[in-house]
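Residues in the sequence shown are numbered from 1 upward in steps of one, following the UniProt record's numbering.
Hints are computed from structural coordinates only; laboratory data are not their basis. Some hints could be false.
As a list, the in silico PhoX-like pairs of lysine-lysine whose alpha-carbon atoms are at most 25 Å apart [said to hold, decoys possible]:
1. Lys30 <-> Lys134
2. Lys42 <-> Lys24
3. Lys80 <-> Lys42
Everything numeric in this text was worked out from a predicted model, so none of it was measured.
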Amino acid sequence: MMSNSIIVVVKAIVLRKGKVLLLKRSSTEKVGAGEWDTAGGKIEFGEELETALIREIMEEAGIDVQVERLLYASTFLTNKSRQVVLLSYLCASDLEEIRLSEEHSDYVWATPEQAASLLPPSIREEWVRHGVWKLEEWKK
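With these hints in hand, go ahead and build the complete structure from the sequences.
See below:
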């Protein structure tokens, strides 16, 4: 019998000059292959949430970010025995140049309109539900 597991994931909505950083998952990834997403990943045991977020962004995109605040939390099942708790943070970065990890094949600094067309429906809907599209920070 499989045991149930809960995984905590931190995600970064990195805004810079009115654009959001989106990463395209490589076609070899087990989860979400070829889909656009924001940077982030699982926290390691004993790790602080914001420390995990900064580490994941450095690993995936090669940039330092300033963590501004927690935007929203949500949870979903990936299968019958695995639940994800997702914490999405607003972040900022002065750096435009991205250095991708092997987990990703492409990146874009996307306008809200571009992001709405690239992101999968599940993320777009979550951003609507939690007011991400209406953030004042898009205008900075």
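Checklist entry - Any hints this thing doesn't respect? Which numbers, in order? => result 1
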